[in-house]
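Trainee: Going down the list, the protein sequences come from chains H and D.
When you line the first sequence up against numbering that gives the first Met the number 0, it's residues 0 to 254, in that order.
When you line the second sequence up against numbering that gives the first Met the number 0, it's residues 0 to 781, in that order.
Hint data in this document are derived by calculation from the structure and do not stem from the laboratory.
Being a predicted model, the structure only gives us computed values, none of them experimental.
By construction, the Cβ of each residue, glycine as well, lies at the ideal position given by its N, Cα and C atoms.
One or more hints might be untrue.
To be verified - Computed footprint of chain D on chain H, listed as stretches where at least three residues anywhere in the stretch have a Cβ under 8 Å from a Cβ of chain D:
1) 47-53
2) 66-79
3) 105-112
4) 120-133
Stated by the list, open to error - Reference excerpt, derived from the structure (chain D facing chain H, CB under 7 Å, subset only):
5) GLY121
6) LEU166
7) SER522
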Amino acid sequence: MKTVMMTTFLFLAEAAFGDSLSGRDIIARVDAVDSSLDGQRQATMAINRGNQRLVRQLAMKNKKFGEDERSLIRFIEPADVRDTQYLSWTYEATEQDDDMWVYFPSENLVRRISGGGKKGSFMRSDFANEDIERRAVDDDVHTFVEESTLNGRPVYIVESRPIPTKAKDSNYAKRKSWVDAEYWLPLQVEYFDRRDRLLKRLTQGGIEHIDGIWTATKLIMETPRRKSRTLMQYTDVRYNVGLTDSTFEQTALKR
Amino acid sequence: MNNSGRMAVLTERIIRWRWWCLGLVTLVTLAAASRLPSLQIDNSNETFFVSGDPTYLNLEAFRETFGNDDFVFILIDVDDAFEPDVLARLAELADRLEYEVPHLVDITWIGNVEWIEGVPGGIVIDELIPDLSLPAEELAALGDKATSDPLYRDRLISADRATVGILMEFENYPDIGIDPRKDSPPVIDAIVAEFDDLDTHVVGGPTSDYVMDNLTAEEGPVWVAVALIGMCMALAFTTRSVAGVLVPAATVILSVVWTMGLVAQLGLTLNILVILVPTLLLCVGIGDSMHVVAELKQVRREGVAMRPAMAHTLDLVTRPIVLTTITTAAGFLAFLATDLKPLRELGAQAASGVVIALILTYLFAVPVLSFTRNEQASPAGDKGPDLFDRLLGWTVSQVNRHGNAIGVCFLALTAGVAFGATRLVIDTNTINAMDAEHPLRVAFEYVDDKMGGSMSIELVVDSGEADGIKRLALLEKVDALQAFLEQHPLVTQTSSVVDQLKQMNRAVRENSADAYTLPKSDSQVAEYLLLYESGGGSQLEKYVSFTYDKIRVQARTKSIDFADVRELQAAVSGFVEENFEEEVDIHTTGTLPVFQRLGDLIAEGQSRSFAAAFVVIALILMVTLRSVKLGLIAMVPNVLPVFVALGAMGWMGAEFNMIMLVLAPMILGVAVDDTVHFFVRYRRYYDELENYADAYRETMRTVGRPLLFTTIVLVIGFSGFQFTIFDGPRNFSRAAMIAFTSALLAEFLLAPVLLKWFKPLGKVNKETSISEQSQPFAQPTT
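Bound conformation, chain D alone (with noise of 0.2 Å):
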C-alpha cells in the first residue's frame, strides 16, 4: 500500500472511530484536569542548581557559618527620626516587625543599635537609645551621635536624621512548606500597610522575589489569554470559518491541559519558567492543527468532498507534521544537555506537550474537522485567487525574476541586523527589568540613593586554620580589602570583624579619634574579640566563623547586575592575588554571585543546547529530504532567524536576560517547522516535476498559505506579551515576532534562490513549464 493508500485507510478509520476518539480524549481530559489543582510550584533558587555545583555549595557553606545573607529593610522617611513622638512609632512598627515576621532572627534599627564607647575608666557596651523615653534633649544628643558614627550613618540613618532604615536578617529557612522564603514579604507588608501616616519603602530579596511572583501570577493568564484570543482572530482572519478557528485553539489548549497533568501526574514540580510552557506550546502545538485545518480548507477550494479531502490532506501533512513533531521535540530536548534543571524540565514537559499536540491533532481535531458540513464541493474556480493567493503569487514571480538580486540582499540585510548582537548586554537585574514607575523599582533606587545601597556581595576570607583569623596581619589586609572595596564605583559600604575591632580599641583607649585602628597585637585581637563578645557585642555570630578559621566581608551595593557582579569579583580577585598569601581562600558568594553563576549556567547550556538542537535537527532533515546539501540548505532559513532576532534586539537596545535566553531554541523549534514543511513538500515537487522554479511554485501554491498563516498567528500570539510591565518578556515577544517573520521571509525568500544557488538536487531535467507564467495563484490542480 503506497503512502496514499494508508492515509486513507487511516482517515476512514479515524471517521468511523471518531465518536471513540472523541471519548478517549475527554476522559483523559478530565483525568488530567483534575490532577492540575496538585501541581507544585517551586521558584526557590536552590531548584537551579544540579547538585554538587561549586556555587551552590559555596553558598549553603556560607549560610552554615554566617547564617542566612537575606534580608529586608524598611527605608522610611520622617522629619526627624530622634523627635520623642517620631521615635516612639518607629519603635511600635519594630516592635510589631520583632513580634509577628515570620523567620525573622534579627531586626536592627537606631532604636536598637549596641554602642560601644570609651568613658574614663571603663568602657560602655550598651544599647545607642538605653531608653527610648528619655527626654527630648537627650534624644537629639544621641542622634548626634548616631549620625556622626559610620557604622550608622547612611546604613541606618541618613545624616540628616530625616530617613531611618529597620534591617531584618532572617533564620536559615526551615525545609517546610514550599518556598518558606516568600513567607515574610506578606507579613511585612500588612503590618507597615497599618502604619500608613509613615512614609515607608520596602526593599530586598524576598521581597522582590515576592513582588515579581505574584506579578506573573497575575500576568502569567493575561499573557495566555491574549496570546490565545490573538490567535483566534488570526485563524479566523486567515481561515474564515468556525472549525478553523476553534478546532486549532482547542486542540493547542487540550495539549497544555494534558501536559501539565502530566506534570502533575509525574509528581514534578514546576519553576519559575513554568510560565513559558503554555505559551511555547501554544505556539509550536498550534501549528499540527492549523496544518490540517488549512491544507484540508485548501483542498475543499478546489471542490474535493470532505472524506477525499481528509485523506488527501493527511497524505500531503501527516510525514511533515509527525517529521516537525521530532524535530521540535529534539529541540526542546536539548536543554536536556544543561546544567541547570529548570531547564532541564523546561525542555522535558515542552517536548511531552509538543508529542501530545500530534497525538490530539488526530485524535481530537480530524474527528472533529469530519464532522463539518460536507457542502458540495465548489466547481473549481468559483472561488479565485484571494489577497493571500495573489500575495504569495507575486512572490514566487519576484523570486523567479529577481532571485539573485534578493537573494543577495537578503543575505545583507541579514548580517547587517545579525551585526546587531554584538551589542547585546546581559542583564539579569530583575528590578532594572521592571517598569520605571512600579513601586518596587521606584523603592529599590529610592534606598539606593538615600541609604547605602540595596543588595550586598559576600566575601569569604578563610584563613584556613582554627584562630587563623586572629592573626593581626591577615585582619590588616582584610581592612585594606575594605578600603579597596570602598574605592569600588559599585560598592558604596563595607562591614566586616574589623569595624568591631576598631571600635574596641577605640572603646579601651577612652575613646581617643585616633585609636578608630586595629589593636596592635595578636594577644590584643583574641582579648578584645573575647570582650566583644562576652560584652554583649552581638555581631561576632554574623562576621566570625564558629572555630574563627573565617570572615565575613559584606560589601552593600547599589542595585546591580550581573555584569557588575563579575566586574567586582575581577577585582576582587586583581586585590586579593597581590596582597594576600597563597594558603587564604578569598571567594564571593551570597544570592547575587550565586544569581551570577545561574545567568553564566544559562547562557552556556542555551550554546551547548541550542549546538545540540543543531545537530539533531540538522541530521533529521537530512534523513528525511534524503540529501546531505539539501538538508544543510533546509538549515540556513532555520538558523538565519535566530541571528535575526537576536540582532534587531541589540539595535534596538535591548537587554539579554534569562527569561530570553530559551529564545534561540524555541525560534529554532517554530522555524524549524516552517522549513520541514516547506522542504518536504519541496523534495516531493521536485521529484514530481524536476525543476526548481517549478517545484518552489508548486510548493509555494500548495503550503505557502498554511506557512503564512502559522506565522500570522504566532505573531499575533505573541503580541500577548506586550501586555507586561516586565522588559524581559515585552522584549522576548519583540524578539519572538521578529524572528517568526524573518524564518517565513526565509523559506519563501532565501530557500529557493539557494535550492536554485546550489542545485542540491542534481541539475535540472525538465524545462519548466509554468514559472514566468502568470496564472491564478490558486488554480487548482486536479
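Chain H extracted, bound-state conformation (with noise of 0.2 Å):
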C-alpha cells in the first residue's frame, strides 16, 4: 500500500511539472538509471520463427570509463561459436565512432572490426548490436509526445530520431518509447523504419531492484513481418563488483 501511494505521489508530482520535462530530459532519466561503476550478467536468448527456435547464451561485462563505457560479451552457446567474444568501447561524444573487437579462439586472433556494426543482428536473433548497446543521449533528438499508462503503468511517452551524422548507422528512422514515470526505464519501445511502417517491438518486464539499480531482466523483441521473436532473459545480474580496467582491453581477449 505504502509502495502504491509512493508511486501515485510521484507520478503526480512529476505531473505536476511534467510541462517542464522535455524528451531529452526523459531519456536523459533513463541513461542515469544505471548508476552503476560497472557490471555483469549472463543472457540466455531463445529466438522463436515460426515452429523453429534457437537458444543462444553469452555472459556480459561492462564498466564504465567516464562518461564512455566498454563492454565485453563472451558466447557460451551454440558450442561451435564458444569463447568468440566482442569488445566494444562507445563513446559518448557523438564525433566519435565506436570501437570493437572480435576474438575468434579456433585461431587466436584478435581483428579490429569497423563500419556498420551496429546495424548488424545479434545471433540470429530480433535484436540488432544497436538494441542491446548503451546509446548516447545526444545520438537522437528526442520529442516528449504526451503522458499515458500502459498496463496500468503510468508512462512518458517519447519520440527519439536518430541526429543526421548518426542516421547512418541505425536500422530505425525513429523510435517510440514508453518510459516508465517510476523506474524509468522504458516497459515498450517500438521501432520504425524510414517509411514509418513498424518494423519491431520491444516489451521490457521482470523488473527487479538489484543492487539498489532497477532492472528489467526479461525482453521480448518482436518483428511481425517476419513472425519472429526473441526473449532475452538475464540472470545473476550484479553492479559494482569491481571489474579492472584491463579486461576490458583488447590484449585481455586472448586470456
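Relying on the hints, combine the two individually framed chains into one complex.
Mentor: Structure below.
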C-alpha cells in the first residue's frame, strides 16, 4: 500500500512538473538509471521463428570510463562459437565512432571491426547490435509526446530520431518509447523505418531492484513482418563488482 | 407423336410464347449483366496449382525460409556511374524507389552495397561508399574497387562503369488485395518516368507479368471485337440477310454475358485463361443458331412458309445441335481431368457457356427469327444454284468419281503435315512470345546482354540437420556446385553464402589475394558466420536458413524457357548424384521451375483431357449413330484436324506455348460439331435411301451449306487474333484456322470415302439413282 501511495505521489508530482520535462530530459533520466560503475550478467536468448527455435547463451560485462562505456560479450552457446568474444568501446561524444574488436578462439586471433556493426543482427535474434548497446543520449533528437498509461503503469511517451550524422548507423528512422514514470525504464519501445512502418516492438518486464538499481530482466523483441520473436532473459545480474580496467583491453581478449 | 410432330408442336409453342421467351431472356440478361462488375480476376501463379502439389510446396517452403524470390531490376546507362553528379542522381532515384515502392524489403545498388575488407589488424564491414559526397577522385577509386569485385561486376555495375543496376527485392506478399504482386510495377514505372534524363530498362517477374496483364486487357476486347466483326461480315456474305447476321451474333453475345454472369454469381474468379472463354464461346456457341438460320434459309429457299419451315428446320437440327452441345460440353468438361485449377475452371465455364448457347438458340434465336418477314414462298427453282451450291455439287461429283484417289491423297497429305508435329518446340518463355520490338522484350534482352542475366533459378541445399551447413565438407561441395553451374552455358553467375565466407576469410587474412577461399575448419566457418552477421553483413538471412540447415544457391540466367530449365535441372541432378552424400537433399525452386512444372502439368492435363474427350465423344457418336463402326469412322475427321493443326504449326516453326495447349480440346469441340451434323444427317439419308453415294449427296446438299458457312465464319472470326503483339495467340489462331478448314475438308472429302471403303452400315441395298447425275445442287426436295 505504501508503495502504491508513493508511486502515485511520484507520478502526480512528475505530472505537476510534466510541462517542464522535455523528451531529452526523460531519456537522460533513463540513461541515468544504471548508476553503477560496472556490472555483469548472464543472458539467455530464445529465438522463435514459426515453429523453429534457437537458444543462445552469453556472459556480459561492462564498465564505465567517465562518460564512455566499455563492454565485453563472451559467447557460451552454441558450442561452435563458444569463447568467441566481442569487446566494444562506446563514446558519449557524438563525433567519435565506437570501437569494436572480435576474438576468434579457433585461431587465437583478434581483429578490430569497423563499419556498420551497429546495424547487424545479434546472433540471428530479433535484436540488432544497436538494440543491446548503450546509446548516447545525444545520438538522437527526443520529442516528448504525451503522458499515458501502459498495462496500468503511468508512462511518458517519447519519440527519438537519430541526429543526421548518426542516421546512417541505425536501422531505424524513429523509436517510440513508453518510459515508466517510476522506474525510468522503457516498458515498451517501437522501432520504425523511414516509411514510418513498424519494424519491431520491444517489451521489457521482470523489473527488479538489484543492488539498488532498477533492472529489466526479461526483454521480448518481436518482428511482426518476419513472424519472429526473441526472449532475452538476464540472470545473475550484479552491479559494482569491481571489474578491472584491463578486462576491457583488447590484449585481454586472448587470455 | 413422331419427331416431326414434336418439333411442330415445339415450334408452335415457341412462336406462341415468343414475347414471353424474349422477356425472360431480357430479364436474365439484365440480371447477368448486373453481376459482371463483381467479377474478380485472380492471375497469381498460386491459382494454377491444386493444393498439395510438391513443386508449389517447395516454393512455399523456400519463401518461408529465405523470403520472396521475386525481384525487379532496373538497368541504367550512364557515362560514368562514379561521377559525383551521376551518383547523386542515381541515389535520388534509389531513394525514391526505397521510399515509395510497395512491398519492398530490400533495395541494392552500388551506392549502398556492403564492403568487407581486411585492413592491417582489422576488418572493415561497411558500405562501399560511406559518403556519397566524397571528392571525385575518392569516388573514382571506389569505382575501381567495385568493378574489380566479382560480387558486383556485371551484377550491379558493368566493368566500364557505364551501366548500373538497381535491384529491388520484395517481402512475401500479404494475403490482401487481388494480386499484391502487381502493386509495385506501376509505382516503379511512374518513378522511373520522372527520371527521364536517365536511360532506364526495367525487368523482372512482377514487371513482365504486369505488362502482360495490361497488354492482354488491352488486346482482349480487340480480339473479341475483331472476331465478332469478322464473323458478322462472314455471316452477311454467306446468309445475305440481316437476320442471318444479327441473330447468331446476338445469341452468342448473350451466351457470353449469361456465362460470365453465372461465374460472378457463383463467386468464382476469372483467371489468366479467361480471355479464351469469350472467343471459345463465340466459336462453339455460334454454331447452334447458325445452323438454325442456315437451315431455315435453306428450307425457305425451297418455298416453304415460315411456321412449317421453322418446324421442319427444328426437326432437322434439334437432334444434331443437342448432340453437338453434349459432345462439345463433354470435350470441355474433360478439362476436369487435369490437375490445374485454371484449366478446370475454363472447362466448366466453357461447358456451361455451350449449354447456355443452346438454350438461347431456342429462347432467343428461334423467337426472333419467327418475326422475320413471312415472305411468299418462292417458286421452286427461282433461286438457282449459287457459288456455294456449285462448289458443293462439284465436290460431291469429284468424290463420287475419284473417291479412292482423293481418300489416299488426303490421308497421305494429312500424314505429311501431321509429321510436322514432331518439330514442335514447347516454349513457355512469355518474353520470347512478344514482338521482338516490344520495349519489355528489348529490356530483357538488354539486361541479358549487359548484366549477368534477367532471370534466376534457386537451388536449396538441405543438410537435413540444424547447423548442418556449417560443415566445411558440405560447403566445399556447394562451392564445387557453384563452379559447375558457372561453367554451364545457361548460367551467367551464382551466389551463395560461400561467397560471403570467402570474403570474410580474405578479410581476416588482411586481404591476401590467395585467401579468397573457404575457411579451413568447421570452427572457423561458425565464427566467420557469426562475425559476418553481427558485423552488419546483410546477406545471411537471404542465403542461410534460420537453423543453419539449408543454404540457398542462386543461379542467374539469361531469359530462358522451360526446355532450358529442364536441361539445367537435369545437369544439377547429375552433378548432385555424383558429388553429394545421399542425406543431403538438393532441389531447384523459384518462379522458373514452378512455371516449368506448370507447363508439364498443362501438357499432361491436355493429353489426359484429350483422351477423356475422345472416349466420351466416341461413345456418344456410337450411341447416336447406332453403330460402333460408324461412330469410329466419325471420329476420324474429328481427330485428324488436331494432328494437322499441330503438324502445320511444326512445319511453320511456331513454338508451342501455354495458350496453344488448350488448342486440341477446342479443335475437337468444334470439329465434333461438323461431324455430328454431317453424320446424323448422313445416317438419316442412308436409312431413307440405303445407298452410300446417295446419302452422301443428300447430306452435302442439305447440311453442306451450313457446315461450309460455319467454317467460313469461324476462320474469319479467329483472324481477330492476328491483331496481337503476342506470338502465342497469333499462332493459336493460325492453328485453329487450319484445324477448322481441315475438319471441314475431312468431313466433305474423307468421310464419304471412308464410308465407301468400310461400309459401316452394311452393303448397298439400292442402286444409286442420282449420284452420277449433274442436276442442279440446289434443286429442292418436295
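Trainee: Indicate, hint by hint, whether the structure satisfies it.
Mentor: Hint-by-hint comparison with the structure:
Beta-carbon proximity to chain D at under 8 Å applies to 4 residues in the stretch 47-53 of chain H; the threshold of 3 is reached and the given coverage holds. Counting residues of the stretch 66-79 of chain H whose C-beta sits closer than 8 Å to any C-beta of chain D gives 3, which meets the bar of three, so the coverage hint holds. Residues of the stretch 105-112 of chain H with a Cβ under 8 Å from some Cβ of chain D number 6, which satisfies the need for three, so the listed coverage holds. Evaluation of the coverage hint for the stretch 120-133 of chain H: fulfilled, as 5 residues show C-beta separations to chain D shorter than 8 Å, against a requirement of three.
The closest approach between the C-beta of GLY121/D and any C-beta of chain H is roughly 3 Å, which is under the 7 Å cut-off, so the hint is satisfied. For the restraint placing LEU166/D at the interface with chain H, the shortest Cβ-Cβ distance is roughly 18 Å, beyond the 7 Å limit, so the hint is violated. Hint status for SER522/D: holds, given a least beta-carbon distance of 4 Å to chain H, under 7 Å.
Figure legend: structure checked against the earlier numbered hints; the only hint not met is number 6.
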